[in-house]
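In order, the protein sequence lines correspond to chains A and B. Per our numbering, residue 1 is the first one in the first sequence, and the count goes up by one each step. Per our numbering, residue 1 is the first one in the second sequence, and the count goes up by one each step.
For the record, the hints were derived by calculation from the structure and aren't laboratory data. Any given hint might turn out to be false.
What follows is a list of derived Cβ distance ranges for each label pair [claimed, not checked]:
{"#": "1", "chain 1": "A", "residue 1": "T207", "chain 2": "B", "residue 2": "R125", "range": "53 to 61 Å"}
{"#": "2", "chain 1": "B", "residue 1": "L204", "chain 2": "A", "residue 2": "A222", "range": "25 to 33 Å"}
{"#": "3", "chain 1": "A", "residue 1": "A215", "chain 2": "B", "residue 2": "N49", "range": "47 to 55 Å"}
{"#": "4", "chain 1": "B", "residue 1": "T232", "chain 2": "A", "residue 2": "H216", "range": "19 to 27 Å"}
{"#": "5", "chain 1": "A", "residue 1": "S319", "chain 2": "B", "residue 2": "T232", "range": "52 to 60 Å"}
{"#": "6", "chain 1": "B", "residue 1": "L250", "chain 2": "A", "residue 2": "N26", "range": "43 to 51 Å"}
{"#": "7", "chain 1": "B", "residue 1": "N254", "chain 2": "A", "residue 2": "A215", "range": "57 to 65 Å"}
{"#": "8", "chain 1": "A", "residue 1": "V221", "chain 2": "B", "residue 2": "R125", "range": "44 to 52 Å"}
{"#": "9", "chain 1": "A", "residue 1": "V221", "chain 2": "B", "residue 2": "P201", "range": "31 to 39 Å"}
{"#": "10", "chain 1": "B", "residue 1": "F286", "chain 2": "A", "residue 2": "G288", "range": "36 to 44 Å"}
{"#": "11", "chain 1": "B", "residue 1": "F191", "chain 2": "A", "residue 2": "V221", "range": "58 to 66 Å"}
{"#": "12", "chain 1": "A", "residue 1": "A215", "chain 2": "B", "residue 2": "V139", "range": "39 to 47 Å"}
{"#": "13", "chain 1": "A", "residue 1": "A215", "chain 2": "B", "residue 2": "G141", "range": "38 to 46 Å"}
{"#": "14", "chain 1": "B", "residue 1": "N254", "chain 2": "A", "residue 2": "K224", "range": "56 to 64 Å"}
Partner residues are not named here, just some residues of chain B that face chain A (Cβ under 7 Å, in silico) [what the hints assert, rightly or not]:
{"#": "15", "residue": "S62"}
{"#": "16", "residue": "P63"}
{"#": "17", "residue": "D276"}
The structure displayed is predicted, hence computed values, not measured ones. Glycine included, every Cβ here is placed at the ideal spot set by N, Cα and C.
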Amino acid sequence: MNRRTIFILIASALLFASCEKAFLRNPEQSPSAVFDYLWQRVDLQYALFDVKGIDWDSVRNRYAPQVGDDISDDSLFRVLANMLNSLNDGHVNIISPFDVSRSEEVFLQTYGHRNIEPNVVTLNYLGPHYHSAGGFAYNTLRGDSVLYIRYSSFSNSASTATLNNILKRYPDAAGVVFDIRQNGGGSVENIWNILALMPAKHAHLYTSQIKSGPAHDDFSVAEKVYSPFSNGDYEPYRKPFVVLTDRGSYSASSFFALCAKSYDNMLLMGDTTGGGLGLPNGGELPNGWTYRFPITRTLAPDGKNYENGVPPDSVVLISPTATAQGIDNVIESAADVILGSR
Amino acid sequence: MQHNSNSTAIKHPIHINPRLAAFVACLLCLAAADAQSLGHPRFSLTLGNAAGYGVSRDLGTSPRVYDALSVGQSVAFNAETVDWTFSGLFAARGILSTSKIKHLLKNGSYSGYGGSAEVGIAARRRVWQNNEASWSIAVGGGLSNYTYIGYAPKFMNASFSLSDLFQPDIIFRVQYDLPNSNSLAVLPGWFSAYASISLAPFGLAYRPGFSFIDNYTGARDQKDYLFSSYRTSFAWLPHLATELGVRFNLRSGNRIALAYRWDYRSSHGSGDWQYDEVNHQLLLEFNILLKK
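If we strip away everything but chain A, and leave its shape as in the complex, we get:
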């Protein structure tokens, strides 16, 4: 072994130190590259093409010609947003430093098919002396015989202990009207906190699958999700628990509605939820903008996919006449059911 050989070995050690640019390079950031990258990410990972009946290839053919390399950031954002809008999915967004895209259809169905008049609820059902704890606003109806709880967002805290305290405060109430109309979702953890108070049983609530391959129908093994247990700390609530929903009940609200179908004392009333049962995932584009879209699909125990909305057990639509009189006929119908069940 001579010194020349050893020198070559040492030089080899140094050589690699200059080669990292070959290993890691920033991606091309042209508008067309960004477009192609986003289209491909959705094609590979979006979980809901089939249930929504979307031809993603034709979407590409429609929008790719609109992207030239001299396009402005604003125009590129608009093209990408329009492309994603084809998915009709409230969990699909592209985020730039100057704007966030959203689904036009979900926006219109949320605000255009509202099955609640917030002022009527606030003035005549919660009133100036309403109570609040955690994320819940509540009061009683029909002479304290029905407990009304308004939960406006699953982003708000919904601890088991807080809800239990509320329920224990009205031991003579015949049941609960739990209002999640126009509740756009939030943390799924709050679903389990609420359901922990319901009568415990090993109920199959839903099945979830994650996208696991490049084909549109490549999914992982189904994961069954079962009802939570309260570990004995709380007395289960066995009285009627009527959940009010509408098209603005999205994401976690839809999950909650789907879970409610597995509980004997829970009843869904109102309008079909907005859907949004896919869990979002996302990433970053070559130009630094970020995106998200669902990569899971959720199936009911009977195998149905309620991505487009969970139907209520009892359809009750708001009456303009009743609203004009300061009456929320959906809440009144729920109270009738609770009191009729005594």
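Based on the hints, put chain B in the right spot on chain A.
The following block gives chain B in isolation, referenced to the frame of chain A:
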């Protein structure tokens, strides 16, 4: 979000395989037996400190390459004879990643944190020595597990990613020692210089079915998916490292080493889930003699 590199939001357990431990114990016994006929074995502890700059990328979350500042700590237990060196290593490193380092230096802004841990065992054998010039070449191998967990709060509420590599390493080392009058002594003269190349020709890479959690909408389900929908792949050349260093062998039997290390690691895999990291590091190591 920048590709996820962020501090450890969830601790990842480090498992020591009992079979590996038994394997190391056998090698140590062999070395001890070997040492009895060739001189005194040397047991030592190496404490390493590293600081460096590099770049990293986590495909599947972002195609972008991010600058990374890294610091690291390592602990290795070594058993040396004249011809053999056995080591058990634990190393941990933290990374701050940002789109441009100057932003980090200017106002402390950052895009994310990453943390990695490595556990490994290695064995090297001196295969050639020129007693006159004190050159030696050693070859060896080892097994290591490298886990990277990233967390980026900037990215859509939160982002989380995990990459794991299990790999065998092949190590080549060239060393020059000032000659020692006792050719059978484990300790060389007061100065050594060395160059080494370590490569893992293949490895087993693990990645979950997704590399991002929108923790705003559902933590429980996605935590479940993290460990139930993982994918593994057989990765070629997941790790390549070169090191140039000088070592001062103190009269007390302890050693101090200063080295430059270039380190490249990749999980490979399909195009949408690949983790790459390149680091330039300066190492300062203290080798403490435990038993001679």
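Against the structure, the hints:
Restraint check, T207(A) to R125(B): a C-beta distance of roughly 55 Å satisfies the suggested window 53 to 61 Å. Taken as a hint, the range 25 to 33 Å holds for the pair L204(B) and A222(A), whose Cβ atoms sit roughly 26 Å apart. Taken as a hint, the range 47 to 55 Å holds for the pair A215(A) and N49(B), whose Cβ atoms sit roughly 49 Å apart. About 23 Å separates the C-beta atoms of T232(B) and H216(A), a value consistent with the hinted range of 19 to 27 Å.
In this structure the hint that S319(A) and T232(B) lie 52 to 60 Å apart at CB holds, the actual value being about 58 Å. For the pair L250(B) and N26(A), the supplied restraint of 43 to 51 Å holds, since their beta-carbon distance comes to about 46 Å. Distance hint for N254(B) and A215(A): a CB-CB separation of about 60 Å, consistent with the stated range 57 to 65 Å. Distance hint for V221(A) and R125(B): a CB-CB separation of about 46 Å, consistent with the stated range 44 to 52 Å.
Between V221(A) and P201(B) the C-beta distance comes to about 32 Å, which sits within the given range of 31 to 39 Å. With their beta carbons about 42 Å apart, F286(B) and G288(A) fall inside the hinted range of 36 to 44 Å. A hinted range of 58 to 66 Å holds for the C-beta pair F191(B) and V221(A), which are about 60 Å apart. Under the hint 39 to 47 Å, the C-beta atoms of A215(A) and V139(B), about 46 Å apart, fit the expected range.
With their beta carbons about 40 Å apart, A215(A) and G141(B) fall inside the hinted range of 38 to 46 Å. The beta-carbon spacing between N254(B) and K224(A), approximately 59 Å, falls within the hinted interval of 56 to 64 Å. Because the beta carbon of S62(B) sits about 4 Å from the nearest beta carbon in chain A, less than 7 Å, this interface hint is met. The restraint placing P63(B) at the interface with chain A holds, with a minimum CB-CB distance near 4 Å, inside the 7 Å limit.
Nearest Cβ of chain A to the Cβ of D276(B): about 6 Å, under the 7 Å cut. The hint holds.
Every hint, counting from the list given before, is met by this structure.
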